[in-house]
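Here's the letter readout for the chains.
Number of protein chains: 2
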Amino acid sequence: MIENNEKYEQLDEETLFIVSQTFKALSDPTRIRILHLLGEKECNVSEIADELSLMQSTVSHQLRFLKNLRLVKFRRAGTTLFYSIDDEHVMTLLNQSIHHARHD
Amino acid sequence: MIENNEKYEQLDEETLFIVSQTFKALSDPTRIRILHLLGEKECNVSEIADELSLMQSTVSHQLRFLKNLRLVKFRRAGTTLFYSIDDEHVMTLLNQSIHHARHD
DNA sequence: TTATTATATGAATATATGCTCATATATGTT
DNA sequence: AACATATATGAGCATATATTCATATAATAA
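Going down the list, the protein sequences come from chains P and W. If you use numbering that gives the first Met the number 0, the first sequence corresponds to residues 0 to 103, in order. If you use numbering that gives the first Met the number 0, the second sequence corresponds to residues 0 to 103, in order.
It should be emphasised that the hints constitute simulated quantities derived from the structure, not laboratory data. Wrong hints could be hidden among the right ones.
Said to hold, decoys possible - Straight-line distance between alpha carbons at most 30 Å, and here's what the computed DSSO-like set of lysine-lysine pairs gives: (1) P:40 <-> W:40; (2) W:23 <-> P:6; (3) P:6 <-> P:72; (4) P:23 <-> P:66; (5) P:6 <-> W:66; (6) W:66 <-> W:40; (7) W:72 <-> P:6; (8) W:66 <-> P:72; (9) W:6 <-> P:72; (10) P:66 <-> P:40; (11) P:23 <-> P:40; (12) P:40 <-> P:6; (13) W:6 <-> P:66; (14) W:23 <-> W:66; (15) W:40 <-> P:6; (16) W:40 <-> W:72; (17) W:66 <-> P:23; (18) W:23 <-> P:23; (19) W:40 <-> P:23; (20) P:72 <-> W:72; (21) W:23 <-> P:40; (22) W:66 <-> P:66; (23) P:23 <-> W:72.
Stated by the list, open to error - Each pair of labels, with its calculated beta carbon distance range: (24) P:52 <-> W:69: 29 to 35 Å; (25) P:83 <-> W:75: 49 to 55 Å; (26) P:66 <-> W:57: 45 to 51 Å; (27) P:57 <-> W:39: 39 to 45 Å.
Said to hold, decoys possible - Incomplete in silico selection of chain W near chain P, CB under 7 Å: (28) 6; (29) 7; (30) 15; (31) 23; (32) 25; (33) 28; (34) 48; (35) 88.
For every residue, glycine included, the Cβ atom is placed at its ideal position computed from N, Cα and C.
Generate coordinates for the entire structure from the input sequences, incorporating the hints supplied.
If you want it as structure tokens, here you go:
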């Protein structure tokens with residue numbers, strides 16, 4: 000009797016959580032735009048809002064989201080906070096996807 | 000006077016849409032589990048439901064979602080539909096993310 | 001044709017998400 | 001201290017999403 004005895008290895012809860020969280024961060028157009036801009040240059044909050052025509056509050060909320068996932072970091076200069084990318088691997092995923100979207 | 004004259008190139012609407020849709024597909028634990036399973040082997044709907052302990056209806060709804068984005072395809076064998084991966088690039092993104100999640 | 005099995009679908013519901021408004025906090029300046 | 005500027009935060013709202021239930025459809029067998 001022929002049978003396939005190989006048991007499928009489920010993804011563990013923690014991996015599933017991290018992976019879904021990561022992709023969730025990249026699933027919103029506003030966050031993609033912010034990450035893409037920060038991929039070009041370090042920016043403060045109002046620069047991001049101006050460049051992308053978003054409300055300061057919107058940017059701040061999304062930056063908190065991205066900061067919680069450690070995808071961005073910031074440095075302070077007086078009252079101004081300069082944000083930049085803190086996870087090159089996630090930026091690689093984003094850039095791959097952008098490249099793919101444009102080339103087929 | 001020193002000035003940075005380089006203008007930031009915004010992502011165009013269409014790219015933004017495709018990229019966000021792609022990542023949205025990968026942002027849900029149920030869809031991740033289904034794609035990961037299909038990455039191992041072609042499966043029919045009830046196999047997926049059994050293997051992942053999901054309702055048949057849940058699986059079917061999510062498969063429709065994935066099929067609309069052309070991430071999966073199917074072949075018919077009688078009343079049974081065998082689903083499989085139809086976008087290797089997206090699977091690469093998923094596998095990279097899984098690998099990354101596990102290794103740091 | 002009727003029955004059976006596999007899958008798909010629509011409606012309803014509960015939850016999550018993103019944005020905006022108003023306001024709070026934090027730093028720096030006068 | 002009082003004020004100005006930059007950013008953060010909480011509440012409210014509208015929309016999106018995932019799941020479940022009940023039922024429809026499709027292919028096949030008897």
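Hint by hint, where does the structure go against what was stated? Just the numbers, ascending.
1, 3, 8, 12, 20, 22, 26, 28, 34
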